[in-house]
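K.L.:
Going down the list, the sequences are from chains A, B and C.
1 is the number of the first residue of the first sequence in the working numbering; add one for each residue after it.
1001 is the number of the first residue of the second sequence in the working numbering; add one for each residue after it.
2001 is the number of the first residue of the third sequence in the working numbering; add one for each residue after it.
For the record, the hints were derived by calculation from the structure and aren't laboratory data.
Errors might be hidden in some of the hints.
The calculated EDC-like cross-link candidates involving lysine to aspartate or glutamate, where the alpha carbons are at most 20 Å apart (straight line), are [stated by the list, open to error]:
{"hint": "1", "chain 1": "A", "residue 1": "Lys232", "chain 2": "A", "residue 2": "Asp222"}
{"hint": "2", "chain 1": "B", "residue 1": "Lys1515", "chain 2": "B", "residue 2": "Glu1590"}
{"hint": "3", "chain 1": "A", "residue 1": "Lys73", "chain 2": "B", "residue 2": "Glu1436"}
{"hint": "4", "chain 1": "B", "residue 1": "Lys1438", "chain 2": "A", "residue 2": "Asp76"}
{"hint": "5", "chain 1": "B", "residue 1": "Lys1438", "chain 2": "A", "residue 2": "Asp77"}
{"hint": "6", "chain 1": "B", "residue 1": "Lys1515", "chain 2": "A", "residue 2": "Asp75"}
{"hint": "7", "chain 1": "A", "residue 1": "Lys69", "chain 2": "B", "residue 2": "Glu1436"}
{"hint": "8", "chain 1": "B", "residue 1": "Lys1438", "chain 2": "A", "residue 2": "Asp75"}
{"hint": "9", "chain 1": "A", "residue 1": "Lys73", "chain 2": "B", "residue 2": "Glu1514"}
{"hint": "10", "chain 1": "B", "residue 1": "Lys1438", "chain 2": "A", "residue 2": "Asp79"}
Quick partial rundown of chain A residues pointing at chain B, CB under 8 Å, derived from the structure [as the list claims (entries may be wrong)]:
{"hint": "11", "residue": "Pro31"}
{"hint": "12", "residue": "Val48"}
{"hint": "13", "residue": "Val55"}
{"hint": "14", "residue": "Ile63"}
{"hint": "15", "residue": "Arg71"}
{"hint": "16", "residue": "Val72"}
{"hint": "17", "residue": "Gly85"}
{"hint": "18", "residue": "Pro97"}
{"hint": "19", "residue": "Ile104"}
{"hint": "20", "residue": "Ser108"}
{"hint": "21", "residue": "Ser169"}
{"hint": "22", "residue": "Pro173"}
{"hint": "23", "residue": "Gln177"}
{"hint": "24", "residue": "Lys178"}
{"hint": "25", "residue": "Pro183"}
{"hint": "26", "residue": "Ile185"}
All C-beta atoms, glycine included, are put in the ideal place defined by N, C-alpha and C.
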Amino acid sequence: MRRGSIVQLIVIGVLAGAIASAVALIPDWLPSSASREAGRIDFVFWFVTGICIFVFSIVTAVIVYAVWKFRVKPDDDSDGPPIHGHTGLEIVWTAIPALLVTAIAIVSAIVLAKDDAAGANPLRVNVYAQQFFWSYGYPGYRNKLSSVLRLPVNRSVVLTMHARDVIHSFWVPEFRQKQDLVPGIHATLHITPDKVGTYPVICTELCGFGHGLMRSRVVVMDSTAFEKWAEKKGTS
Amino acid sequence: MTTAVEHHDVGPVRQGLPPPPGGLRRVLYPGFLRAAWMTPLFFGIGSAIVVLCRWWGGWHPIWFGEIIVLVGALIAAPIGFLAGIGAFDYWVRYSIGAPTEPEDHSGHGAYSWRDYFRVNTDHKVIGMQYLATTIFFFLAGGLLAMLVRAELAKPGMQFFDNQTYNGLFSVHASLMIFLFVIPAFAGLANFVVPLMLGAPDMAFPRLNALSYWLLPIAGIMMLSSFLVPGGAFASGWTGYAPLSVHQPLGTIFFNMGVQWAGASSIMTALNFLVTIITMRAPGMTFWRMPLLVWANFTTSLLVVIATPFIAGSQFFVMFDRVMHTHFFDVGGGGYPLGYQHIFWFYSHPAVYIMMLPGFGIASEVISVFSRKPIFGYRLMALSLMAILVLGFSVWAHHMFVSGMAPWLRVPMMITTLMIAVPTGIKVFSWLATIWEGKINFATPMLWAVGFVSMFVIGGLSGIYLGAVPIDIHVSDTYFVVAHIHYVLFGGSLFTIFAGIYYWFPKMTGHQYNEKLGKLHFWLTFIGFNLTFFPMHLIGTQGMPRRVSDYAPQFGNWNLFISVASFFLGASTIVFLYNMVISMRRGAPAEANPWRALTLEWQVSSPPPVFNFDEIPQVVGNPYEYGVPGARHAVLNGDRAATETEEVRH
Amino acid sequence: MSAHAEAHHGPPIANHSSRVNASILGMLLFIASEIMLFGAFFTAYFFVRVVNGIPWPQPPFELPVFVAGVNTAILVTSSFTMHWALQSIKRGNRAGLQAGLLLTFLMGLVFLLTQAREYSRVGFAPHDGAFGTIFYCLTGLHGAHVFIGLSILLFMTIRAFRGHFSPEQHHGVEIGGIYWHFVDVMWIVVYSTVYLL
Ligand code: HEM
Ligand SMILES: [Cu+2]
Ligand SMILES: [Cu+2]
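This is chain A alone, in the form it adopts within the complex:
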């Protein structure tokens, strides 16, 4: 390959990378983050995005360059050079992706382990789902029941899932955490909210005709306000 074409290739690659980075950076890809887990998950997201932009730029550079330079002339019916392969190259493009995905796997596994580890003395909340309602129980507070999930800020929370009919899924985009609720299985989900505010709770597992409307809210409040609310008698 000539010098010039390598430069052209790199220029296209950089351009493609720039466009991809712009697509990655200009819109708000992720909703605001309201839990410690979200921060870590976002890190994986951007880590993977970086790798993907890298791969995408290489592939795009090659495709664009080939489409541009290797078009056949209308009256040319000769064949291309009979290249059958290149062992070195094949090893490279087996090894590098293997390394990249290994890196992703390691980062993901670490983040997963951290996200799953609940701190000492977490707040326990039961999440109940049924067609097409959410409700939340606080076993630490005389089984107080609520239709809105209220959580104290900066305290580790363990949600235990209870499905009463079919499968539902608990998702708060701002927490980046999601867990299916399966009849008979009481999976747990760990969240440490770190920003006061109100966020949507969305059911993400098709659960029947009302699935699209199966919403609720989570309110993250400061801990004194939470205690005051939780100690109050009755359901709310």
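Here the structure of chain A is known, so what remains is to put chains B and C with the ligands in place on it, guided by the hints.
P.N.:
Then chains B and C with the ligands, alone, in the frame of chain A:
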């Protein structure tokens, strides 16, 4: 399984079937007329068996609608239809030891349009039957998608109620997967694989015909579920239990439709495997097979091994529903997550069933239109095998948030991410094949290169989904919808189009209109990206999938997507128009318009009834473009050349 | 479609690129698929019995281990008579073929009838808990396969009595036989997992 046609003990050959007998005997002659009375007859027999059993067992009510529909309409009636059109005639005669008719090959081939509407044993006719049928269901599924997008154009409810909406996307997905992508690939392969192998037909032509005729049954079953009380099945193409157990009647149309389609793909796969193993032309070693054949070989292995699992999962749902068993019912000791494990043990391999044949098509097209050998042919074949093996060890990546045992997540993540390696090998090898080629961007090549670029995006979004922490956030959101469309639309559908345009001259004997072909590509390519790329964004931002209503903040993007999707849908008109006019008035096609080396291009367009006058002798690799004097095969007349060639090898 | 005009001869003789007979290979692949179907049912068994850990058999129900054991012996014997039938026709002994097939068929029938009897006496139904579900579905799936196997046997027997098959031409018996052996082996697996374990 004694269906192999012994081609040599033949009687005289006649062209086309004799005209059907006149008078009353016509009613007994295999065809739609006989099907018209055998279908209701079998429905009656099926229903009678149900009623008798219930009466004998003392169950009440004796006349129980749901079971009548299941046994009578969804099992017995289709069998009656198949018997009526004559799919079983030979086997019945064989089984009772009656003299089978001497084979005069009149049932083989097509001499008029009528021959496409009967049980035909010619793999080329069957291939065309497959393609026509699957394109029909593609259009039906596409129209449903338009309805889905119309509903989603604005937040709030527009045209449908929730249950109908759920039915729309469920039927859309099921048709696209089970009645379009999987069988369309089977159709293309049906036409091409025997030719590529240098075989006169498939190993079991009658089984081949039967597997085709199961398809319209499955498709009509799924579509007709819109007509039954309660509406179409509405628990998604995944049909998760326990929801699907407690849905209206339409659900059993899905359960049974999947069984018929699944039986069809198992039979076809078995046929491909036996054909590829036992009927290769002399000299066609495994390492000389075109990659399309390799791709169908691996796909067929996946089908034979994995499909029974989806059959099982649908049986269980049906049993839970009509027999009140407790597979997925916690109260009775069942295990709801079992459904997902069993379902994905098929359906993850199924995503490769929907992609590997496309890899094969892309390899053919890219090599021919770059005028270069496939880069790293052996590694290409081996990576197919690697995907096959790994594909069985990743099913639970669809279940990262399902509540399954948490320790399963990291191993499944590792195997999932590992699949990116063989997939990457394929992509890079295609790129290296294009490199320094003499690329001719005819329509098939446009689709193939378009496929590579779109598939890369789909593969990269797959990496996001494979990384568990990210998947926890984006699972069951529009991000997944974007991913599946980049791999299934940008991947499978683009390669199906590549294949249709590439083999169009061979299949019809006419050349398609190149200008319209290119127009079709560009409209689709642009419409596709405008429609599906933004879905990544609204997914990560928080829009769940399978909802008819959504938060107002996503309104603008959804409107944009809906408009783009109508544009995308309209681009199909160009395709249909091109197909129809070219089939009738296109310029006559040469035998080998693309100057390709593989065997299907060495015979006339369309190929003769029995493909080859004499079985060809394969002498070299299929992609030796640019190698001076290289040949893939020698057809009759060239024997002398073969002999010297063989000595050298 | 002018290319068709000169296609007056039949198809060319396909090359045999493998020593395996196509029909036998087809049957083996079909059996692979069948094994996976049983695999799906055994997966359900695994979830109910191992993951959920329900008692097996679930009290107060009991499984007729002994009767089913006798039934097992019958089915296993029928595999030997099947084998005998095949060996007979290979040596040109038609009477042996006919007797072997007939015996096999009868034993298969006895097996199936015994199972039907067992169903009516066992004292629980498919809807009696996950235990009943799995018991009926596994044995029922197998029973359906016995039924298919019996139909194949019936056809083979009819053909044998009508003078088909010869020492050179006996794939029909061989292939049906392979299926019967599969049904038989599968029963041993079902019997040991459902009744014995
Ligand atoms: C690098 C390759 C790929 C990776 C790593 C990958 C990964 C994944 C993962 C992890 C999911 C589950 C997402 C979720 O539900 O949370 C998924 C979904 C899906 N993938 Fe892929 N995928 C890849 C390629 C493909 C291909 C080639 C196809 C089909 C041709 C495909 C079709 C699908 C489909 C249909 C779904 C959605 C299933 C549903 O309805 O829930 N994927 N993919
Ligand atoms: Cu829901
Ligand atoms: Cu998957």
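K.L.:
None of the hints should be skipped; say for each whether it holds.
P.N.:
Against the structure, the hints:
1. A/Lys232 <-> A/Asp222: 16 Å, holds
2. B/Lys1515 <-> B/Glu1590: 19 Å, holds
3. A/Lys73 <-> B/Glu1436: Holds: A/Lys73 and B/Glu1436 sit about 13 Å apart, inside 20 Å.
4. B/Lys1438 <-> A/Asp76: 8 Å, holds
5. B/Lys1438 <-> A/Asp77: 8 Å, holds
6. B/Lys1515 <-> A/Asp75: Between B/Lys1515 and A/Asp75 the Cα gap is close to 19 Å, so the pair holds against 20 Å.
7. A/Lys69 <-> B/Glu1436: 8 Å, holds
8. B/Lys1438 <-> A/Asp75: Given pair B/Lys1438, A/Asp75 holds - Cα atoms ~11 Å apart, limit 20 Å.
9. A/Lys73 <-> B/Glu1514: 17 Å, holds
10. B/Lys1438 <-> A/Asp79: Given that 20 Å is the threshold and the Cα spacing comes to 6 Å, the pair holds.
11. Pro31: Status holds, d = 5 Å.
12. Val48: 6 Å, holds
13. Val55: Hint on A/Val55: holds, closest Cβ of chain B at ~7 Å, below 8 Å.
14. Ile63: 6 Å, holds
15. Arg71: Since the shortest Cβ distance to chain B is 6 Å, the answer is holds.
16. Val72: 4 Å, holds
17. Gly85: 4 Å, holds
18. Pro97: 4 Å, holds
19. Ile104: 5 Å, holds
20. Ser108: 4 Å, holds
21. Ser169: 6 Å, holds
22. Pro173: Holds - the Cβ of A/Pro173 comes within 8 Å of chain B, reaching about 4 Å at its closest.
23. Gln177: OK, holds: A/Gln177 within 8 Å of chain B, min 6 Å.
24. Lys178: Given a least distance of 5 Å, the restraint on A/Lys178 holds.
25. Pro183: 5 Å, holds
26. Ile185: Hint on A/Ile185: holds, closest Cβ of chain B at ~5 Å, below 8 Å.
Checked against the numbered hints listed earlier, the structure breaks none of them; every hint is satisfied.
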